[in-house]
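Chains A and B, in that order, give the protein sequences. Take the position in the first sequence, starting the count at 1, then add 539; the result is the number in my numbering. Take the position in the second sequence, starting the count at 1, then add 3; the result is the number in my numbering.
Worth double-checking, as some hints may not be accurate.
Claimed, not checked - Facing chain B, from chain A, some residues (calculated, C-beta under 8 Å): (1) 606; (2) 634; (3) 638.
The hints are simulated quantities; they were obtained by calculation from the structure and are not laboratory data. We put the beta carbon where it would ideally sit given N, CA and C, even for glycine.
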Amino acid sequence: MNKAIKKSNVLKPEVWEIEAAEANSGKWDLRLYVAGQSPKSISAFNNLKRLCEEHLEGKYKIEVIDLVKNPALAREHQIVAIPTLVKRIPVPLRKIIGDLSDTEKTLVGLQLREAK
Amino acid sequence: MRNKDAQTRVRDELTFELDEAIETVQAIREGKVDAFFVSDHAGDQVLVLDGCDAPYRLLVEKMQQGAATVTRDGTIFFHNNRFLVLLGMDENVTGQNIMSLVSEKDRPALEQLIADGDAGGREIEVLFQRADGSELPTLLTLSPLRNPDALCLIFIDLSLQKKREHERVTLQWERNAREDAERTAAMLEATRAELEQRVAERTDALRKLALELTKTEQRERTRLAEILHNDVQQLLIALKTQATLAKKQPARMDQILPLIDQVIVACRELTLGLCTPLLHRSDLKTTIESYANQLQAHHGLATTLLAEDELPDLPEASRMILFEAARELLFNVIKHAESKSADVVLGVEAGNVYVEVRDQGLGCDPAKLLCDTSNSFGLFSIRDRLTAVGGRMSASSQVGEGTVIRITVPTSDRSLMQAENTQEQPGEQRVPRVQRIMVVDDHEIFRHALIRLLSSQGEFLIVGQASNGNAACELAKQVKPDTIVMDISMPIMNGIDAAGLIRAEMPEVRIVGLSMHDSDTMIQAFLSAGGDAFINKTELTENLFDALRCN
Numbered sequence: 540m541n542k543a544i545k546k547s548n549v550l551k552p553e554v555w556e557i558e559a560a561e562a563n564s565g566k567w568d569l570r571l572y573v574a575g576q577s578p579k580s581i582s583a584f585n586n587l588k589r590l591c592e593e594h595l596e597g598k599y600k601i602e603v604i605d606l607v608k609n610p611a612l613a614r615e616h617q618i619v620a621i622p623t624l625v626k627r628i629p630v631p632l633r634k635i636i637g638d639l640s641d642t643e644k645t646l647v648g649l650q651l652r653e654a655k
Numbered sequence: 004m005r006n007k008d009a010q011t012r013v014r015d016e017l018t019f020e021l022d023e024a025i026e027t028v029q030a031i032r033e034g035k036v037d038a039f040f041v042s043d044h045a046g047d048q049v050l051v052l053d054g055c056d057a058p059y060r061l062l063v064e065k066m067q068q069g070a071a072t073v074t075r076d077g078t079i080f081f082h083n084n085r086f087l088v089l090l091g092m093d094e095n096v097t098g099q100n101i102m103s104l105v106s107e108k109d110r111p112a113l114e115q116l117i118a119d120g121d122a123g124g125r126e127i128e129v130l131f132q133r134a135d136g137s138e139l140p141t142l143l144t145l146s147p148l149r150n151p152d153a154l155c156l157i158f159i160d161l162s163l164q165k166k167r168e169h170e171r172v173t174l175q176w177e178r179n180a181r182e183d184a185e186r187t188a189a190m191l192e193a194t195r196a197e198l199e200q201r202v203a204e205r206t207d208a209l210r211k212l213a214l215e216l217t218k219t220e221q222r223e224r225t226r227l228a229e230i231l232h233n234d235v236q237q238l239l240i241a242l243k244t245q246a247t248l249a250k251k252q253p254a255r256m257d258q259i260l261p262l263i264d265q266v267i268v269a270c271r272e273l274t275l276g277l278c279t280p281l282l283h284r285s286d287l288k289t290t291i292e293s294y295a296n297q298l299q300a301h302h303g304l305a306t307t308l309l310a311e312d313e314l315p316d317l318p319e320a321s322r323m324i325l326f327e328a329a330r331e332l333l334f335n336v337i338k339h340a341e342s343k344s345a346d347v348v349l350g351v352e353a354g355n356v357y358v359e360v361r362d363q364g365l366g367c368d369p370a371k372l373l374c375d376t377s378n379s380f381g382l383f384s385i386r387d388r389l390t391a392v393g394g395r396m397s398a399s400s401q402v403g404e405g406t407v408i409r410i411t412v413p414t415s416d417r418s419l420m421q422a423e424n425t426q427e428q429p430g431e432q433r434v435p436r437v438q439r440i441m442v443v444d445d446h447e448i449f450r451h452a453l454i455r456l457l458s459s460q461g462e463f464l465i466v467g468q469a470s471n472g473n474a475a476c477e478l479a480k481q482v483k484p485d486t487i488v489m490d491i492s493m494p495i496m497n498g499i500d501a502a503g504l505i506r507a508e509m510p511e512v513r514i515v516g517l518s519m520h521d522s523d524t525m526i527q528a529f530l531s532a533g534g535d536a537f538i539n540k541t542e543l544t545e546n547l548f549d550a551l552r553c554n
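I would like the entire structure built from these sequences, with the hints used as guidance.
If you want it as structure tokens, here you go:
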């Protein structure tokens, strides 16, 4: 499933354009904002990958944005605290802040599970 | 209604943002985030909480390159462990200036790199001084840090790469040297084979010459016996008869005296045939003239002698060679040219004296005349003797149009002078001079080929061989050679150093240097160290014997 993970270290506008075909394919488009190799960033990435494998196998794409290298990329989604996960597709857009260690809360945030 | 919808939408948005703010605060409180995006007067940046750089530290500590952070003036304020390992240091060098660890010659380049700051990805080779005094070759790069006062310096150990490069160059050099040696050995082998061929040809010719000499001696005995029998004996018998008759008839005494004169003439001719006493007492012109008269009398050859009025004084050996050449050539005119007349010219040209014999006889191929040793033993013998005194022979001939042969000898031939000056004293046994030679070369093939070549000459005795300069010095003391033939490029000790040591201890030894290369610096160093002569290996066969015979 690694092929679905796209790490973008350089600001390339085309990266942000979601292709129509992709949008209609039903594939989840997730973006994880990290700060280099900070411990919480690494935890968030590991937790996200595990959750996706369990609940969205074959139907997701993760883009990892390193804000240490490109701080300006934080503006698009008004990122304040890092790590932050942004669910871009399916709409509505949702943000989940933190290392995603609370699985229940993350699944609710991703709308994969109803809030209790 | 529309107003109410707008209010609802604003409320939902505010609620959403409030939820997000609450979630952010909660995540911070729970320690689920460790970095923040801030935008202030310094621009956009991410602030990372302490401890987050641990993975980077681990990476820096574990990487195989030496890494350090230095200030603009070169002061080290951080370095990884590999930095110390590569430089062989066991103490922290924080606070030292990086320049104190770099070799003096590389400092300006590193100073320039630090002054340039980002260096544009430029890499430079820098030699570090290790703690044990050895040197560490490195490839060094600089990278700027966020803090403009500091630079990150990373270097790679190049010692293994340099060692391999050195090994590759050495290997290539050895391969080239081996190929050179093999080429030279092949060349020497070819020369040796050629020399052997020439020796074989010469030996064969000498064998035939010896046979011819025996036959000639027999013919000469027969001719002398005939002269004694036909002339002298008959005259003596006639004389005895006349003397017997004169006892009774004294008037017959008048007939006795002419017979006595005839006996005297016959005896003189016989003596002249056996030896050329005239040559010892008379000049060359008179001697040749006398012989020409004999040929006319006995064989009917009409000879015209053209001689310069004043010929330079010649050593007796030269006079003898010229006379014998003229005699041989005139006899050839009778024997081979089938001519009844010949011209003999005795002249001087460029300080040399020559005798030239011309005939109008049958003629032949001049190359055959000079080179064929099977049928012209007289000429062959003359040619060899001429070579010995530095003379030469030339011929021009055409079938049906006669032959011209010229024999030239120098008026002051060094070898003749030497030959005359080194006449054996009565009772003194003459010993041939053999030069004792030691051969030194690290290439075994070449050394053996050289030894075979020298040995084949007969005048050189190989008394020892060595494969390097050190061994040569030791061996020279033991065998005390006349001459050392020594390669200049050798392991352990080269030929230049060896020549210096040998010259200091054995000033009388002659040292001849050999090399495939002829750089002026190397030759000058060799000659200054005590070498007597230098020969390029590619011109060995042309020059070595001359250099050795100069001794």
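Against the structure, the hints come out as follows:
1. Satisfaction of the interface hint for residue 606 (chain A) is found here, the shortest Cβ-Cβ separation to chain B being roughly 5 Å, below the 8 Å cut-off.
2. Residue-level restraint check for residue 634 (chain A) holds (minimum Cβ-Cβ distance to chain B is 6 Å; threshold 8 Å).
3. Interface hint status for residue 638 (chain A): upheld, as the beta-carbon distance to the closest one in chain B is roughly 5 Å, under 8 Å.
Checked against the numbered hints above, the structure breaks none of them.
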